[in-house]
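Model the full structure from these sequences, guided by the hints.
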Amino acid sequence: MNRSTYLRWGLALATALSSVFLAAAPPAEKILILATTTSTQDSGLLDDLVPRFEKQTGFTVKTIAVGSGQAIAMGKRGEADVLLVHSPEAEKALVTDGTGVNRRIVMHNDFILLGPAADPAGIAKHTAAESLQRIAAAKALFMSRGDNSGTHAMELKLWKAAGLAPDGQTWYQQTGQGMGQTLAIAAEKKAYTLSDRGTYLALQKKLGLPILHEGDPSLRNVYHVIEVNPVRFPKVNAAGARAFADFMVSKAVQARIKEFGIGLYGSPLFFPDAGTPE
Amino acid sequence: MDLIWEGLRKALELLLTLDSEVLRITWLSLQVSGAATLISLAIGLTLAVVVALNEFPGKRLVIALLNTGMGLPPVVVGLFVTVLLWRNGPLGSLGILYTPSAMILAQAIIASPIIAGISLAALQHLPQGLRLQILALGASRPQMVWLLLKEAKLPLLAAVMAGFGGVISEVGASIMVGGNIKGQTRVLTTATVMETGKGNFDVAIALSLVLLVLAFSVNAVLTHLQQRGRRP
Numbered sequence: 001m002n003r004s005t006y007l008r009w010g011l012a013l014a015t016a017l018s019s020v021f022l023a024a025a026p027p028a029e030k031i032l033i034l035a036t037t038t039s040t041q042d043s044g045l046l047d048d049l050v051p052r053f054e055k056q057t058g059f060t061v062k063t064i065a066v067g068s069g070q071a072i073a074m075g076k077r078g079e080a081d082v083l084l085v086h087s088p089e090a091e092k093a094l095v096t097d098g099t100g101v102n103r104r105i106v107m108h109n110d111f112i113l114l115g116p117a118a119d120p121a122g123i124a125k126h127t128a129a130e131s132l133q134r135i136a137a138a139k140a141l142f143m144s145r146g147d148n149s150g151t152h153a154m155e156l157k158l159w160k161a162a163g164l165a166p167d168g169q170t171w172y173q174q175t176g177q178g179m180g181q182t183l184a185i186a187a188e189k190k191a192y193t194l195s196d197r198g199t200y201l202a203l204q205k206k207l208g209l210p211i212l213h214e215g216d217p218s219l220r221n222v223y224h225v226i227e228v229n230p231v232r233f234p235k236v237n238a239a240g241a242r243a244f245a246d247f248m249v250s251k252a253v254q255a256r257i258k259e260f261g262i263g264l265y266g267s268p269l270f271f272p273d274a275g276t277p278e
Numbered sequence: 279m280d281l282i283w284e285g286l287r288k289a290l291e292l293l294l295t296l297d298s299e300v301l302r303i304t305w306l307s308l309q310v311s312g313a314a315t316l317i318s319l320a321i322g323l324t325l326a327v328v329v330a331l332n333e334f335p336g337k338r339l340v341i342a343l344l345n346t347g348m349g350l351p352p353v354v355v356g357l358f359v360t361v362l363l364w365r366n367g368p369l370g371s372l373g374i375l376y377t378p379s380a381m382i383l384a385q386a387i388i389a390s391p392i393i394a395g396i397s398l399a400a401l402q403h404l405p406q407g408l409r410l411q412i413l414a415l416g417a418s419r420p421q422m423v424w425l426l427l428k429e430a431k432l433p434l435l436a437a438v439m440a441g442f443g444g445v446i447s448e449v450g451a452s453i454m455v456g457g458n459i460k461g462q463t464r465v466l467t468t469a470t471v472m473e474t475g476k477g478n479f480d481v482a483i484a485l486s487l488v489l490l491v492l493a494f495s496v497n498a499v500l501t502h503l504q505q506r507g508r509r510p
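Respectively, the protein sequence lines represent chains X and Z. Note that this note's numbering has the first sequence beginning at 1, numbered continuously upward. Note that this note's numbering has the second sequence beginning at 279, numbered continuously upward.
In case anyone wonders, no lab produced these hints; they're calculated from the structure. Just so it is clear, CB atoms sit at the ideal spot from N, CA and C, and this is done for glycine as well. Heads up, some of the hints might be wrong.
[Claimed, not checked] Covered, in the sense of this in silico footprint (three residues per stretch, anywhere, with C-beta under 8 Å from a C-beta of chain Z), are these stretches of chain X:
#	stretch
1	62 to 73
2	177 to 183
3	194 to 206
So, in structure tokens, the structure goes:
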């Protein structure tokens, strides 16, 4: 092959590949960065809601699904426009310091304690705090998210309420990964773990980890939508953030949340809460 | 074992039904990694030629740096590119974070040292006298470079394959700078991570198989170019 054929092939290839740049990029004011938790994505809820929002409003949503800790950190730096998260303490701090505005409740489900069917620590029929104490006493393997996510924050709060500090114990291990991966690891290792119900229901069939504890009022898992303060971060898409937050608490979306997952998993993954006091 | 068969079945099903989502992310993977490889080829070859054909103080250090760069961890590249491209960051005005352009940038940073390092070794491996011989025959300097590159075609194409292999398979940088956004920046590797997280192991295995087939196809073409004209 001579030089001109190389050139011609190269050019053809470059043209084909460069079409990736030409894909009509929406103007910046139409781009909305939503930082959220893995549970809203892994449960499939956002795949259901985001296209509706885009269709209704003309915004292009960039959904960055990370742990609540990282999502809130992105909000703190003005690198996201709107947050959909479940880590109430960290959220309140965000609003108090003026970075987050207009925090509104969207929905809830609950956290559940899972473990091997044999339940070696015997946690069934005990309160959440007692369950953790029994796990610690039996030195039964416990898988923590360890990633600063909303679920991790809740887990730490529960240990604290139980009067325990499990960090550093051999039976207490951190995966540093999302809920889905952590559930898979807990199932493989026959360990106890804490999960949000949404992700658990979506994965239940493949896991073989039964729910051993549920229903304790301290296990409520609440999701809020928070807009990032455009006064503090001028590059924030305030109109888009407001539109998305309004969309999440709108009647139509709340009705959709109520039925989402019934068809696939037999029960809803989230319960709509818009307008109710916390 | 069932799961692997299930994955195989799912892969065939997704491919045979031409699942539009799978086709889209496969095409985007090819575009992003292909573009990044082409850019890296330009950067890497230039670097290799400049370093190979010139003597300068600190040359060994430069070569050592290039060789170290061949092992750049994708997550580290991803982290730095993300911080640079944040809208309140130094390159924020470009507004390309969470777009394919950002992924191409990150992957080009990963692949450039790979291509430069292997190309450099290839050029340095050519007989010392060859350069002088070509010049003595009256070739201009660009002609000489072209002839040297042609002479080193075999390892140079190996460099391209290594560069492409490095970026089509990486997930750390792509997921950080791209965000794995459906319909925008989701590629085969990031989708595989996500589907695994969702517990959809069959889909994840299917996507992995598509990735392997894609990597094989690209390398088959490159190998054909590389081996052409050689006797078996």
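Here is what the structure says about each hint:
no., hint, result
1, 62 to 73, "holds (count 4)"
2, 177 to 183, "holds (count 6)"
3, 194 to 206, "holds (count 3)"
Taken one by one, the earlier hints all hold for this structure without exception.
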